[in-house]
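Take 1 as the starting number for the sequence shown in the UniProt record's numbering and just add one per residue.
Honestly, I wouldn't trust all of these hints.
As the list claims (entries may be wrong) - Simulated pairs of lysine-lysine, DSSO-like, Cα-Cα distance not exceeding 30 angstroms:
id, residue 1, residue 2
1, K98, K82
2, K82, K59
3, K104, K20
4, K59, K20
5, K59, K104
6, K147, K59
7, K113, K98
8, K20, K147
9, K113, K82
10, K98, K147
Said to hold, decoys possible - Here are the in silico distance ranges between beta carbons for each label pair:
id, residue 1, residue 2, range
11, F144, D54, 19 to 29 angstroms
12, M106, V43, 32 to 42 angstroms
13, E88, F144, 17 to 27 angstroms
14, A33, D140, 28 to 38 angstroms
15, S71, P28, 30 to 40 angstroms
Think of the hints as simulated: they come from the structure by calculation, not from any bench. Glycine included, each C-beta is placed from N, C-alpha and C at the ideal position.
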Amino acid sequence: MRIVQADIDRLDEVTPLFIKYREFYGQPPLPEASRRFLEARLVHEQAIILIAEDEDSGKALGFCQFIPSFSALTLAASWVLKGIYVTEEARRQLVADKLINHAKNMAREAGVKRMTVMTGEENVAAQSLYRSLGFSNDHDFMYFALKL
Numbered sequence: 001m002r003i004v005q006a007d008i009d010r011l012d013e014v015t016p017l018f019i020k021y022r023e024f025y026g027q028p029p030l031p032e033a034s035r036r037f038l039e040a041r042l043v044h045e046q047a048i049i050l051i052a053e054d055e056d057s058g059k060a061l062g063f064c065q066f067i068p069s070f071s072a073l074t075l076a077a078s079w080v081l082k083g084i085y086v087t088e089e090a091r092r093q094l095v096a097d098k099l100i101n102h103a104k105n106m107a108r109e110a111g112v113k114r115m116t117v118m119t120g121e122e123n124v125a126a127q128s129l130y131r132s133l134g135f136s137n138d139h140d141f142m143y144f145a146l147k148l
């Protein structure tokens, strides 16, 4: 398995994974809107998108998307995991682990000081994955959301 960073030339490779990710969370597929969304993130360099590929076939096995951010408190860069998906046939092959570990290495090299992720309280599998990779619950802050 190899991990590659997506660019505009890999848009057609990552879009089907992104659509499956949306469907996993109960969202409609919206293929054209999903493609435009990813295209904008890549063109405007608003996201770091990694793709896990089978080394032999080149088939995409999964992806993750991080959004760069900054902290006024730490005066440092941070990355926020905003999506990760592994195809059903590639699950239990440590694809997610390899994607996130690759992102951790990239982040360190870029001087990023913190990576954050949010997941549903019911998503015990994701919570276990994140803990196994060194993430911990943030007990210092509460997160709120406002739908506009």
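Against the structure, the hints come out as follows:
Proximity of K98 to K82 is assessed by CA-CA distance (about 16 angstroms); at most 30 angstroms being required, the pair is judged to hold. For the given pair, K82 sits about 22 angstroms from K59 by alpha-carbon distance, which is consistent with the 30 angstroms threshold. Restraint check: the Cα-Cα separation between K104 and K20 comes to about 24 angstroms, which is no more than 30 angstroms; the hinted pair holds. For the proposed pair K59 and K20, the alpha carbon gap of about 15 angstroms is at most 30 angstroms, so the pair holds.
Distance check on the hinted pair: K59 and K104 sit about 23 angstroms apart at the alpha-carbon level, within 30 angstroms; holds. Between K147 and K59, the direct Cα distance comes to roughly 37 angstroms. Violation of the 30 angstroms bound is thereby established for this hinted pair. This hinted pair checks out: K113 and K98 have alpha carbons roughly 20 angstroms apart, not beyond 30 angstroms. Straight-line distance between C-alpha atoms of K20 and K147 comes to about 24 angstroms, which keeps the hinted pair within the 30 angstroms bound.
For a cut-off of 30 angstroms, the pair hint linking K113 to K82 stands: about 17 angstroms separates their Cα positions. Taking the CA atoms of K98 and K147, the gap is near 33 angstroms; set against the 30 angstroms cutoff, the hint is violated. In this structure the hint that F144 and D54 lie 19 to 29 angstroms apart at CB is violated, the actual value being about 40 angstroms. At roughly 20 angstroms, the beta-carbon separation of M106 and V43 lies outside the given 32 to 42 angstroms, and the hint is violated.
Against the hinted window of 17 to 27 angstroms, the Cβ-Cβ separation of E88 and F144 comes to about 34 angstroms, which falls outside the hint. Remark: the range hint 28 to 38 angstroms for A33 to D140 is upheld by a beta-carbon distance near 36 angstroms. Range check, S71 to P28: about 34 angstroms between beta-carbon atoms, so the 30 to 40 angstroms window is met.
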